[in-house]
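Novice: The opening residue of the sequence shown carries number 3 in my numbering; numbering runs sequentially from there.
These are computed hints drawn from the structure, not numbers from a lab.
Heads up, some of the hints might be wrong.
[Unchecked claim] For each label pair, taking beta carbons as the anchor points, the in silico distance ranges come out as:
hint, residue 1, residue 2, range
1, 25, 75, 18 to 24 Å
2, 121, 96, 23 to 29 Å
3, 131, 94, 48 to 54 Å
4, 68, 28, 17 to 23 Å
5, 58, 86, 40 to 46 Å
6, 65, 25, 30 to 36 Å
7, 131, 44, 39 to 45 Å
Built from N, CA and C at the ideal position, the CB exists for glycine as well.
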Amino acid sequence: MVGGLLGLGGGFILGPLFLEMGIPPQVSSATAIFAMTFSASMAVIEYHLQHRFPVPYALYFMGVAVLAALAGQHVVRKVIKSLGRTSIIIFILAFTIFISAIFLGGTGIANIIVKIHQKEYMGFENLCKA
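Could you build all of it, start to finish, from the sequences and the hints given here?
Specialist: Spelled out as structure tokens, the structure:
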């Protein structure tokens, strides 16, 4: 239940939900990102306990993510300062959700096409069977 509420999907729901409740965009975005980070951290711990966690690989991506986050914060802070509006955070959040939905749909369709070509079983049964 916590994974569903605080995971990536839950974080994408929490952001707009907080905005609808009248919470300022900075607080809404930060809270949603914290919820996603908490959920991802629990997944990392779970994988580590199962000895399925490549530490050097994860450290590399953690470094890239930290640098990207710092650069993103710097750019957004400059844009907000130059425009004088915090609404840019809402547009960034909406754009991120839109692009994620497009990529998720595209990935799903590509996986289905591969399974159809390889004639893999996808879990569907004959609807006409009695």
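Novice: So does residue 131 sit 39 to 45 Å from residue 44, Cβ to Cβ?
Specialist: 41 Å, holds
Novice: Does the beta carbon distance between residue 131 and residue 94 stay inside 48 to 54 Å, or does it fall outside?
Specialist: 49 Å Cβ-Cβ, so the 48 to 54 Å window holds.
Novice: Between residue 58 and residue 86, is the Cβ distance one that fits in 40 to 46 Å?
Specialist: Given a distance of about 44 Å, which is inside 40 to 46 Å, the answer is holds.
Novice: 17 to 23 Å was suggested as the range; check whether the CB atoms of residue 68 and residue 28 agree with it.
Specialist: 20 Å, holds
Novice: Starting from the hint 23 to 29 Å, judge whether the C-beta atoms of residue 121 and residue 96 obey it.
Specialist: 40 Å, violated
Novice: For the hint 18 to 24 Å, verify it against the beta carbon of residue 25 and that of residue 75.
Specialist: 19 Å, holds
Novice: CB of residue 65 to CB of residue 25, is that within 30 to 36 Å?
Specialist: Hint holds: Cβ distance 31 Å, inside 30 to 36 Å.
In this structure, the one hint that does not hold is number 2.
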